[in-house]
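The primary structure of each chain is shown beneath.
Number of protein chains: 2
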Amino acid sequence: MSFKLTVLGANSALPTSDKFSTAQLLQVAGRSFLLDCAEGTQMQLRKNRVNFESIRGIFITHLHGDHIFGIFGLLSSFNLLGRRNHLSLFGPKGIKSIINNFFISFDVKLNFTFEITEIQTNDCLEIYRDKAVSVSAVALLHRIETYGYIFRESLKDRNIRKEAIIKYSIPLNEIHKIKKGADFIADDGSVINNADLTVQNTKSSTYAFITDTAYNENIIKHIKSVDVLYHEATFLEQFADRAKETFHSTARQAATIAKQAQVGKLLLGHYSARTPQIEKFKAEAIEIFLNTECATDGTTLEF
Amino acid sequence: MSFKLTVLGANSALPTSDKFSTAQLLQVAGRSFLLDCAEGTQMQLRKNRVNFESIRGIFITHLHGDHIFGIFGLLSSFNLLGRRNHLSLFGPKGIKSIINNFFISFDVKLNFTFEITEIQTNDCLEIYRDKAVSVSAVALLHRIETYGYIFRESLKDRNIRKEAIIKYSIPLNEIHKIKKGADFIADDGSVINNADLTVQNTKSSTYAFITDTAYNENIIKHIKSVDVLYHEATFLEQFADRAKETFHSTARQAATIAKQAQVGKLLLGHYSARTPQIEKFKAEAIEIFLNTECATDGTTLEF
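Protein chains in written order, with my numbering: chain H, 1 to 303; chain C, 1001 to 1303.
Take these hints with a grain of salt, some might be off.
Unchecked claim - Here are the simulated distance ranges between beta carbons: (1) H:N85 - C:I1220: 42 to 50 Å; (2) H:N48 - C:R1049: 38 to 46 Å; (3) H:N101 - C:H1176: 38 to 46 Å; (4) H:D107 - C:K1004: 47 to 55 Å; (5) H:N48 - C:I1220: 44 to 52 Å; (6) C:L1125 - H:E302: 52 to 60 Å; (7) H:N201 - C:L1081: 30 to 38 Å; (8) H:L80 - C:A1029: 23 to 31 Å; (9) C:E1115 - H:S154: 48 to 56 Å; (10) H:D107 - C:I1220: 26 to 34 Å; (11) H:L80 - C:N1218: 28 to 36 Å; (12) H:T300 - C:K1096: 41 to 49 Å; (13) C:N1085 - H:E237: 32 to 40 Å; (14) H:A283 - C:G1264: 55 to 63 Å.
Don't read these hints as lab results, they were simulated from the structure.
Don't be surprised by glycine CBs; every beta carbon is placed ideally from N, CA and C.
Make a model of the complete structure from these sequences and hints.
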């Protein structure tokens, strides 16, 4: 359990009085990453008692309002609250000019360092890495340039076996290197293989955030075996024509991707207002992929 | 009771998990007018079950985010929901380029007619008139160009006295004109003065929306005797220095304006986060002006 995911909004284009459009927070090792930033995201962050300073990166999938309109208020509040931490923003081409226009129009002068990266890939590209995670952007199939994001926890140190420390008289100052994978050279010059000294730690967590997109098998190889896949399910299969027309997916299509990618769990969201009963999305998906859950505002998963 | 006012948000710059920044709705004769449009306004409108089509005009006081960041989502939702009614937007210089940049950046093509008016006055100017109301903008004293708005219900028809209809044998087709104030010419050519035929209807309602501003006595003559005055009270008097520095008002200053303008009722709002107990704003104001109420999200007044 290294990732904590909080769904801040799971509606599609139209928010309601109590259902927000797309935003999610992924927390790992004391830092947070925001995935999309619909109108009201800052209120949802407060509702979930998120420390604003902990947010290191914001990843915007595409430039439709229901995925980005909350960024203006969020950046303003960061500034008003005296933010000090560096912030990275990622998104498709065009995001720089939107943010720069905003700074000019509202005479915003940030009191923290801020870097915007415009992503450009037709396939999959690593765009961010720190001590805790790496993030790759994967090209999706929507009406405009859109990227999904895949989060992989950085490889953890191996665990050193206590009996090996005693058997080979390993000094304290060698332990850190061995945990990182180094072999040990004993006093007599013999090399003890790392595999004989350590065991692998628990596996690293993985999360894929895939919205908005038409059914797209090209992403499967990139999201193979992730622990949790969030995949948009704007429509039920009965509206498959509408899904195709608007470059969205049905719950059945999302489940088909989950099955082929052999993911651990499927999380559905981005529901269209035309189907208010979200349990119908789950009912459709579990016929294909059993471990499916419907995201709602406030859903949290730890994995 | 011709005006219905609903407070959609009463916080100042920083919204919280359940308190929104500035937005209000004024309803009169089946139409609605939005006063400022902070982030989340569309959700607050839904919470208050407002028909989006009924909104005829949006009046933005100034271009600080906590008064306008909700407009992008609101215009987008109007469009997605197939709005047909014309919409008028008023605000200070700069609002046109903000909205036009938004249309370009997000490739928005409105399916309804939309007109933006940039206000320019150092004093007070009528900017809107329809059958139900007239609206004047009044220059305020803030860090950037800012206008308050004064709503006056259009003069109602006079009530014709039944006994006059009988006495002067007034035909049906004359009654409409007489209600509008015309004299009546009897068959014998004599002129019956309108004042002898009619009585004045109930008085027209008036509302003044004054935010954000430093203490400014220049507005008093324009808001004289309004039924309800909303006046920002960002700070308590103990923070008067901070109020002056940031071009805001204290609760005491708001009450002083209300008293001098001899308004019917004072409504306070735009509270700074540094005083979470809003009853303190009221306690301070009623020492100067008794009929004071504190606005909170959801407050409604009919007058």
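Taking each numbered hint in turn, which are not upheld by the structure, reported in ascending numerical order? Structure breaks hints 2, 3, 4, 7, 8.
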